[in-house]
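Participant: Starting from the known structure of chain Z, fit chain F onto it as the hints suggest.
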Amino acid sequence: MDCLSRALRYIRRKKMKSALLLFLFLTINSMVLGTLGIRKVSLRLAEELRKNAESRITLESVDQDCPFRKADMQAIENVPNVNWLNRIAEIQVISTDCIPAAGSEDSEGAFIVHGYDKLENDSPFADKVYRLVEGNYPQSSKEIVISQFLAEYNGIQTGDKITFETVDKGSQEAVVSGLFLSGTEWSQTENVRTVNRIENQIYGTADFVNRLSSKNTFTGVAVYVKDPEQLMDTKEVLEKAYQDRAVTGMTDRNFQKLKMMIGQTGRITFLIFLLTVAAGGLITGLLLAMWMRNRKTEIAVLISLGISKRDILSQMLLEEMIVYSIAFIGAGLAAEFLLPRIINGMAVMQGNDVTPELSAGWMLLVLCTGLAFVVILTGIAIFPYMKKPVKEILSEMEG
Amino acid sequence: MLELKDVSYYYRSQKDRMILDHVSYEFKKGVMYAVLGSSGSGKTTLLSLLAGLDVPVDGTVCAVGEDILKKGLNAHRRDHVSLVFQNYNLIDYLTPVENVKLGGRADAEKLLTQMGIDKMQRKRNVMQLSGGQQQRVAIARALASKAPVLLADEPTGNLDEDTAGEIISIFQKLAHEQEKCVIVVTHSRELAEQADVVLRLKKGKIADDTGIVEN
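Residue numbers (the numbering used here), protein chains in the order written: chain Z, 1 to 399; chain F, 1 to 215.
Pulled out of the complex, with its shape left as it was, chain Z reads as follows (with noise of 0.2 Å):
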């Protein structure tokens, strides 16, 4: 009888044991895939949130006579770890065939044109101070986004076009591609500028802000980084490029709170998942330590009957074995189903698409060390009475 033969009817008629082992397996096979799906998840979240984060400086130019330039904008770009710009300007112009809402002057039909590259991003849209009721954000620089009140005001709908004096006594159309509201309208005294009223703030890009002002100038910018983590290197850069032009501003404040909690979990985890481990590895090491005890007698007898001591290590190692790799088939259908769960559960990755799961190459990593690690437990516990002489053995079970 071969050493599988009799480890499959170790296995089959020695069912207590078997199971055990087999819950033992199960239970750490679980948690050790789980945490390290989870901490898996946590670090790709981490290098999202990286790429995503949105962390900026923002440079505002202190003197109106001396605005940022093309140039300027060209400059800050080919600084390191700038990922991208988004480009403010603004202007007071007169519309020809608007009227803006009444505030306490008469400003001759004045409203304020306020550009952003996107502007979704850094303008009272991006703070919800202002929020799009109809239509879309300018998706060109032929496209503006008025007031609600504004648009009724003078009978305006989305799609409508609005002309503008330029500085140069030319004129710029632009079409109304949505309306917002504040909300706070109804707040505004009778004392607010006409011009500076919310209901007379038009908002397009940059480039139509430019259009109107005949020049490539900027009163601020928004500098969005590649990587946050270096953020204070690449405003110290800035810093010292436009001391004496721009006021500098940093906004990281959800990367470093998403980051401390993404980091949180991730030591959690890790944590979980060595005391797993370890827990794990020293109770099943107690475990087959004591059954290996039980089993000395067998071990004799086996080589009594002239059966090889490798053929006896093989089938106690293809005992656990077998165990180890139904627990790790058994782990690994629990965390593919229940680890998805578990970390849609987790409020720190709410709202984020991520889908966890384990490479195949991490699977059969786990799988490979479980089963060096059951081998050595395995070959420590059996030792002691592979090396005792069979008579000694014998002589204590015979008395």
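Keep in mind that the hints were calculated from the coordinates and are not lab data. A hint or two may mislead.
[As the list claims (entries may be wrong)] Lysine to aspartate or glutamate pairs mimicking DMTMM-like chemistry, simulated, CA-CA at most 25 Å apart:
#1 Z/Lys391 with F/Glu109
#2 F/Lys5 with Z/Glu392
#3 F/Lys110 with Z/Asp207
#4 Z/Lys14 with F/Glu109
#5 Z/Lys388 with F/Asp160
#6 Z/Lys118 with Z/Asp160
#7 Z/Lys387 with F/Glu166
#8 F/Lys70 with Z/Glu165
#9 Z/Lys388 with F/Glu109
#10 Z/Lys309 with F/Asp79
#11 Z/Lys17 with F/Glu98
#12 Z/Lys391 with F/Asp16
#13 Z/Lys14 with F/Asp92
#14 F/Lys70 with Z/Glu392
#15 Z/Lys215 with Z/Asp117
[To be verified] Covered by chain F, according to a simulated footprint, are these stretches of chain Z (three or more residues, beta-carbon under 8 Å):
#16 34-41
#17 305-313
#18 369-380
Please read all numbers here as calculations on a predicted model, not as lab measurements. Note that the Cβ used here is the ideal one computed from N, Cα and C, for glycine as well.
Facilitator: For chain F alone, kept in the frame of chain Z given last:
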């Protein structure tokens, strides 16, 4: 068949106390031997040396004229000797048939039938068999190897008188009908009386050899 040549044995921690002191003896086939001796006289040590479970400090143990160390102890245990223990030592997760198959490739069913183990008993867990039945299974396992020497350590020690008698009878048949060399270590005078040769171990020597008894 199996020969001790000037064999000495002592425990390394007690070098001044010889368990076996230059013992020489040749065991022949077709003979049932009983080895008697008080506790600690070296009976089990003698059996272990003959079984290749231990090696002498001095001298050699030869099987079919060859030093068992040269052939290899595993091979000696597999090919030359088979063991029967007082506590039967059956593997508890195997059936009687599977236990017998551990001993060798002989027809396990046939051997168990010869030992009086019926079909129902063969399928049961060995631990559910009576002491006598377990010892029969153990003997069947020893016979499965077809080894020419059967070594038994107190084989009737845990059995009642009737069952012990049956087991002794089996040993006699194995020696006389199957030409096996049966060596039984025992305290039992009843068993010794049934042996062809009685050896007494005393102070590390085989003290008394009564010679082959004609039945």
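Participant: Look at each hint and say if it fits the structure.
Facilitator: Consistency of the hints with the structure:
no.: 1; hint: Z/Lys391 with F/Glu109; result: violated, 30 Å
no.: 2; hint: F/Lys5 with Z/Glu392; result: holds, 23 Å
no.: 3; hint: F/Lys110 with Z/Asp207; result: violated, 101 Å
no.: 4; hint: Z/Lys14 with F/Glu109; result: holds, 24 Å
no.: 5; hint: Z/Lys388 with F/Asp160; result: violated, 33 Å
no.: 6; hint: Z/Lys118 with Z/Asp160; result: holds, 22 Å
no.: 7; hint: Z/Lys387 with F/Glu166; result: violated, 37 Å
no.: 8; hint: F/Lys70 with Z/Glu165; result: violated, 112 Å
no.: 9; hint: Z/Lys388 with F/Glu109; result: violated, 34 Å
no.: 10; hint: Z/Lys309 with F/Asp79; result: holds, 16 Å
no.: 11; hint: Z/Lys17 with F/Glu98; result: holds, 21 Å
no.: 12; hint: Z/Lys391 with F/Asp16; result: holds, 21 Å
no.: 13; hint: Z/Lys14 with F/Asp92; result: holds, 9 Å
no.: 14; hint: F/Lys70 with Z/Glu392; result: holds, 23 Å
no.: 15; hint: Z/Lys215 with Z/Asp117; result: holds, 16 Å
no.: 16; hint: 34-41; result: violated (count 0)
no.: 17; hint: 305-313; result: holds (count 4)
no.: 18; hint: 369-380; result: violated (count 0)
When each numbered hint is compared with the structure, violations occur for hints 1, 3, 5, 7, 8, 9, 16, 18.
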